[in-house]
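Chemist: As you go down the protein sequences, you meet chains A and Y in turn. Position 268 of the first sequence, counting from 1, maps to 272 under my numbering, and the rest follow consecutively. Position 71 of the second sequence, counting from 1, maps to 123 under my numbering, and the rest follow consecutively.
Just so you know, these hints were derived from the structure itself, not from any lab. Hints may contain errors.
Part of the chain Y face toward chain A, derived, beta carbon under 7 Å [stated by the list, open to error]: (1) T75; (2) L85; (3) L88; (4) T231.
Calculated cross-link-like contacts (lysine-lysine; reagent style BS3-like; alpha-carbon spacing at most 30 Å) [claimed, not checked]: (5) A/K157 x Y/K117; (6) Y/K238 x A/K35; (7) Y/K238 x A/K249.
Nothing here was measured: the structure is a model prediction, and the numbers come from that model. All C-beta atoms in this analysis are idealised placements derived from N, C-alpha and C, irrespective of residue type, glycine included.
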Amino acid sequence: MNTKSLRAKSLDSPETGDSGFTERLQSWLPKLVLSPTILITLVFVYGFIIWSAVLSFTKSRLLPNYDFVGLANYEKLFAMDRWQVAWSNLIIFAVLFIGVAIVLGTLLAVFLDQKIRMEGAIRTIYLYPMALSLIVTGTAWKWILNPDIGIEKLMHDLGWTSFQFDWLINPDMSIYTVVIAAVWQASGFVMAMMLAGLRGVDGSIIQAAQLDGASMLKIYWRIILPIMRPIYFSAFIILSHLAIKSFDLVLALTAGGPGYSSELPATFMYQFTFSRSQIGVGTASAIITLMGFLAILVPYLYSEHRGTRHA
Amino acid sequence: MPDTSLNLNRLFSRGLLYLVLLTFAAYFLMPLLVMLFASFKDLSEIRAGNLVMPPLDPTLEPWRKAWSEACTGIECNGIKGYFWNSFVITIPAVILSSAIGAINGYVLSKWRFKGSELFFFCLLVGCFIPFQAVLLPMAQTLGWMGISNSVVGLILVHTIYGIPFTTLFYRNYYVGLPTELISAAKLDGAGFFTTFWRIVLPLSGPIIVVTLIWQFTNIWNDFLFGVIYSGPDSKPVTVALNNLVNTSTGVKEYNVDMAAAIIAALPTIIVYVVSGKYFLRGLMAGAVKG
Chain A
5 MNTKSLRAKS
15 LDSPETGDSG
25 FTERLQSWLP
35 KLVLSPTILI
45 TLVFVYGFII
55 WSAVLSFTKS
65 RLLPNYDFVG
75 LANYEKLFAM
85 DRWQVAWSNL
95 IIFAVLFIGV
105 AIVLGTLLAV
115 FLDQKIRMEG
125 AIRTIYLYPM
135 ALSLIVTGTA
145 WKWILNPDIG
155 IEKLMHDLGW
165 TSFQFDWLIN
175 PDMSIYTVVI
185 AAVWQASGFV
195 MAMMLAGLRG
205 VDGSIIQAAQ
215 LDGASMLKIY
225 WRIILPIMRP
235 IYFSAFIILS
245 HLAIKSFDLV
255 LALTAGGPGY
265 SSELPATFMY
275 QFTFSRSQIG
285 VGTASAIITL
295 MGFLAILVPY
305 LYSEHRGTRH
315 A
Chain Y
53 MPDTSLNLNR
63 LFSRGLLYLV
73 LLTFAAYFLM
83 PLLVMLFASF
93 KDLSEIRAGN
103 LVMPPLDPTL
113 EPWRKAWSEA
123 CTGIECNGIK
133 GYFWNSFVIT
143 IPAVILSSAI
153 GAINGYVLSK
163 WRFKGSELFF
173 FCLLVGCFIP
183 FQAVLLPMAQ
193 TLGWMGISNS
203 VVGLILVHTI
213 YGIPFTTLFY
223 RNYYVGLPTE
233 LISAAKLDGA
243 GFFTTFWRIV
253 LPLSGPIIVV
263 TLIWQFTNIW
273 NDFLFGVIYS
283 GPDSKPVTVA
293 LNNLVNTSTG
303 VKEYNVDMAA
313 AIIAALPTII
323 VYVVSGKYFL
333 RGLMAGAVKG
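For reference, chain A alone in the conformation it holds in the complex:
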């Protein structure tokens, strides 16, 4: 017996006779504990993605089958106007939603950070939409944006009879109603994250900059906001996750309509896979969407992950 195992024996578990076994068990335990999650991730995330990919090359319609047809589903998909609309809608939606929510959230956080009275109450009001289901948000905004009973009617009642706000039923504008509702839902969340970040900024840095004669605007723009880079990263990730999930919002607010003018890839996939019995086309759309997201997300996640690890 060498000195190393002797030491381990006395340190680990003096009362157990077989210290070699317990020691080995201890070193295996972390892996053992993690293994169900590893298995689940491999099967239910990565395995299922591969399975979907396989189905996208088959003739599957109402039920999955495995008659391979090569790229036929993808060709069909890209020939569809409906798919083009869904994709351009997603880009419009994601850019506007993430951009506006981050800018608005930052502004609100900076404003709230000026020693405001009733800060707690205002913060609570800004953040509560995050607690709501997108279905509830969609139902509420569907009512507010409805020209017959919502804002348009309100303005008419107030005497502004030429006021028109028909985005909900206007095919050219319907996707922007989704942006309005989504921004309403998530800006408070960005505000809360930013405010938390602002509170974490070292006050002495700000004082030093003030002594140097820098204006408050400059201090925020040049010093404080750059410090909060990791928070912008988290906000971006959470917002893109919400953007992917906005399936619910579209369904409750516009149901993809009028026509398919506010369709997103998620609603497209749902329609084709589960309602229209075109599993092949539906899974092909899912795979394209996935590749689009991975192309953006993985390099970003990877660089941030490495960055924080080596920091």
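Given chain A's structure and the hints, the job is docking chain Y onto it.
Modeler: Using the frame of chain A, we list chain Y on its own:
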């Protein structure tokens, strides 16, 4: 005098600041107020008035109807049954995913091994994939397991796809715990589980609250899994609400829709109001550190 002009300037900018902040408060509150007002009006008042007008003759009838009479498709039993379904689905899934996430986070922060960082990265990607890519295989798998269209199936799905998030939360929180704590415990002869129970878990209060709130909110509010994997008797309340709003038979009862929407939102609003402080505190403690 320069001094007073400075003060006036300051007063003006403070006033403007409050004006902006309160305007946004009104903007965020408006939809909830509008829903509340509508839910206490009867239909004729809704048609006659407008959305920002408080109910003149408040009635509880829309609430009663939404709870026990409104049609969600072909059935007309209100949303009460689906409301309880949501609890039956949400509570086990929240507890399971949060517990598994805690032990995973502990391993990935304090017991790293070769490949554990790579696995964490793979898991992170799993957080953010569009669920479309797994929906159909999941439906098939649930079928094979004999739990499609059931509450058990939904609990399983929510647990599985919740684990990446809960793991991320705990892992980021535990990374911040001093490693010396763990090494000291090891020196004292504490093993893997003892250290977790005696040292790590008692320090996990804030992150447990955060994770529970996050998971409860997410699973309660879920619609995608609910609409695809539930059967007639296992629909969550979000799906029932959407069906109720889109049921097109007869007169459109906006007041009942709004009452149902508030009922569906109530549990998460209560959780938020009661523990919003923890939500924010937890945000600072854990999730923010990327």
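Chemist: Compare the structure with each hint and give your call.
Modeler: Against the structure, the hints:
Because the closest C-beta pair between Y/T75 and chain A is about 11 Å apart, greater than 7 Å, the hint is violated. For Y/L85, the interface hint is violated, the least distance from its beta-carbon to any beta-carbon of chain A being 10 Å, above 7 Å. Hint status for Y/L88: violated, given a least beta-carbon distance of 10 Å to chain A, over 7 Å. For Y/T231, the suggested interface contact is broken, since its CB lies about 15 Å from the closest CB of chain A, more than 7 Å.
For the hint pairing A/K157 with Y/K117, the CA-to-CA distance comes to about 26 Å; that is within 30 Å, so the pair holds. Annotation: proposed proximity of Y/K238 to A/K35 holds, straight-line Cα distance about 18 Å (limit 30 Å). Simply put, Y/K238 and A/K249 have alpha-carbon atoms about 43 Å apart, too far for the 30 Å limit, and the pair is violated.
The structure fails hints 1, 2, 3, 4, 7 (numbered hints given earlier, in ascending order).
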